[in-house]
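Visitor: Single-letter residue listing:
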Amino acid sequence: MASAFDYAPAPESRSVVDIAPSYGLFIDGEFVEAADGKVFKTVSPSTEEVLSEIAQAGEADVDRAVAAARRAFAKWSALPGSERAKYLFRIARIIQERSRELAVLETLDNGKPIKETRDADLPLVAAHFFYYAGWADKLEHAGFGSAPKPLGVAGQVIPWNFPLLMLAWKIAPALATGNTVVLKPAETTPLSALFFADVCRQAGLPKGVVNILPGYGDTGAALVAHPDVNKVAFTGSTAVGKEIARTVAGTRKKLTLELGGKGANIVFDDAPIDQAVEGIVNGIFFNQGQVCCAGSRLLVQESIQDELLDSLKRRLSTLRLGDPLDKNTDIGAINSAEQLSRITSLVEKGTAEGAEPWSPECELPSSGYWFAPTLFTNVTQAHTIARDEIFGPVLSVLTFRTPDEAVAKANNTQYGLSAGVWSEKGSRILAVAGKLRAGVVWSNTFNKFDPTSPFGGYKESGFGREGGRHGLEAYLDV
Amino acid sequence: MSEKSEQQRLSVLKTYKLYVGGKFPRSESGRVYEVSDSKGKWLANAPQSSRKDARDAVVAARKAVGGWAGATAYNRGQVLYRVAEMLEGRRAQFVHEVADAEGLSKSRAAEQVEATIDRWVWYAGWTDKIAQVVGGGNPVAGPYFNLSSPEPTGVVVVLAPQESSFLGLVSVVAPVIATGNTAVVVASERSPLPALSLGEVLATSDVPGGVVNVLSGRTAEIATPLASHQDVNAIDLAGADEVLAKELEIAAADNLKRVLRPQPVDDWAATPGIDRMTAFLETKTVWHPTGSLGASGSSY
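As given, the protein sequences belong to chains B and F, one line each in that order. My numbering puts the first sequence at residues 462 to 939. My numbering puts the second sequence at residues -7 to 292.
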């Protein structure tokens, strides 16, 4: 759809962030080179510009970092909770102060729009540290007994879709409960974790309490398998999650997994259509659809299918795709060439299997990794695009006639992370929400997060919860 | 009278059977194995369940999930309490069986059975409280209302402890069903008789068929297909030794079953915490906007 008039570019300035040409591993409070000297490059997905060269942690580095975390554990866990709390409050405050810098950095390294890093990621990151800071000196009131104990060294592996937010989800509760951590950020988005190391330095956090080891999957595997790690936390794909579960089998390591999803967004015929359309867009196109709890399956009641799809297509035509640093951008770049090819191949499969793709007119930039927002109609439950997690801006539309059918279709998946229900009828919302096998159900809204609210999946979307009082359990000996 | 005492009365022995889907089948394999008391005296032939029996039990347990998880917590509490009433009535039988199974004196066995009945009552009282203890409202920063509530995981396989044939058994089965899960229970391999008799109690206490299914036989043989079964949601490895537990945990990773590893239990009689209930609960967080009515009249 031709727009009435164009927007002038409104780029956020890059000058607020100073990216060094190279970074080391962060072990025991120092930036150090990898033992074997290996490095890798991290690029900006929107331009393919090399941002920095990063040390790549190997097994020897995992050993060093775990040893540093182990040494730091005795003092850190013995610290009065009120003192640990103050460190976390300091970190939260510094994140707020450096929020713009970190938002720009995250947008550069991840490819997501500045609108989202500025208004969603960073405020939530700070909020998580604030929330768990307050728990540090109140653990005996959390419902896990009168003297809950930390586990020890936590090995944490996080994904590239929300690099700093996933770091916050992992590190804040770990430190609040008295554990020390070794965290491996994803190979395509290591920068914000390394900047976080600097936040820890500014906060005066004792050496060794937080260690950051950029690297690939093998670095994560070595960390998970390390015999001196007491707790493993992973967010990522279901396949890797299963592998990790096998690795820790037979050990005493405590494990929590936040894995994939294929969220159903159910729209009933009495739903407020305009709001539902906003919720659908937010559910699948937020963060280019690279969200584990994305509402990637739209289940719409047959009687309103045409009206809803017309509205939805009209809305998609107004989405602006392009420079993630532009403040008017809605859809940024796909995180990596690898992810782009995965999305592309699944979409090709969808077409080959007989579903009908539709995208708004959309000009893709000539460099970088881009995928136009896409919706598929004529999708059946047997289609690959209705079953496999695509992790991109691709929505599959299915229909239903009765609430029971909606529930059956929504639950017809190996996953169980999120779901949405749209209806003006409260009893229907509650009845359907009660029957959905999903860890988070958003009624008349979607993709809302808050540090006070437990988040996590049923079935093959993993186990354990992050956020809220429930999130403490993963890091306590209970 | 005098005639009878001269001639010792021959007692009527019980044929022990499995308890699956509310019925008492023999093992489809036709196999039994010899169960003896602590001194080696023959007590009974117990069914030796096969992989097929294990799969049948999962089908029965799956069928029962909807009704049991969907029952009100109050109703589940009533049903569980009814089981305790039935157990009390069969106290003497269980004292006898536990004494034989574990080589205990009558009085020690009686203590075990009393503790077991009390344990069952304890869990009966939990059904309508656990949601308040582990769930609740979350103070989100925005115009939203959200509630986190526990929900049952689904079908839970329970490998009952090998040593404590009755108190240990009930200590691992009751928490699973109190929270709305259904259970496939693998009885203690050496001492399965109290577990099989528990099935008879459950059958007469308003517990819907399929909510608890009891299998006897070789623990490793039955547990292996259950741990890799794609329609099982969770497994309690209490009755597995270290080697078997590791093997089963690896198999369980295939569909990311919730796994409760063997926990060291010094004393089954000690008051349990809520861990055995929470191990088989999911947390669901439901959000809804609370914003004021918009211009359109919508409460979105």
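There's no promise every hint is true.
[Unchecked claim] List of simulated lysine-lysine pairs, DSS-like, C-alpha gap at most 27 Å: (1) K6(F) x K33(F); (2) K896(B) x K6(F); (3) K810(B) x K886(B); (4) K33(F) x K610(B); (5) K886(B) x K909(B); (6) K536(B) x K668(B); (7) K9(F) x K55(F); (8) K121(F) x K599(B); (9) K703(B) x K238(F); (10) K774(B) x K703(B); (11) K576(B) x K896(B); (12) K896(B) x K886(B); (13) K9(F) x K33(F); (14) K788(B) x K810(B); (15) K9(F) x K31(F); (16) K703(B) x K547(B); (17) K870(B) x K55(F); (18) K896(B) x K55(F); (19) K31(F) x K610(B); (20) K896(B) x K909(B); (21) K703(B) x K599(B).
FYI, nobody ran anything at the bench for these hints, they're computed from the structure. Being a predicted model, the structure only gives us computed values, none of them experimental.
Visitor: So, against the hints stated earlier in the document, which numbers end up violated here?
Guide: Those not satisfied are hints 2, 3, 4, 10, 11, 14, 16, 19 and 21.
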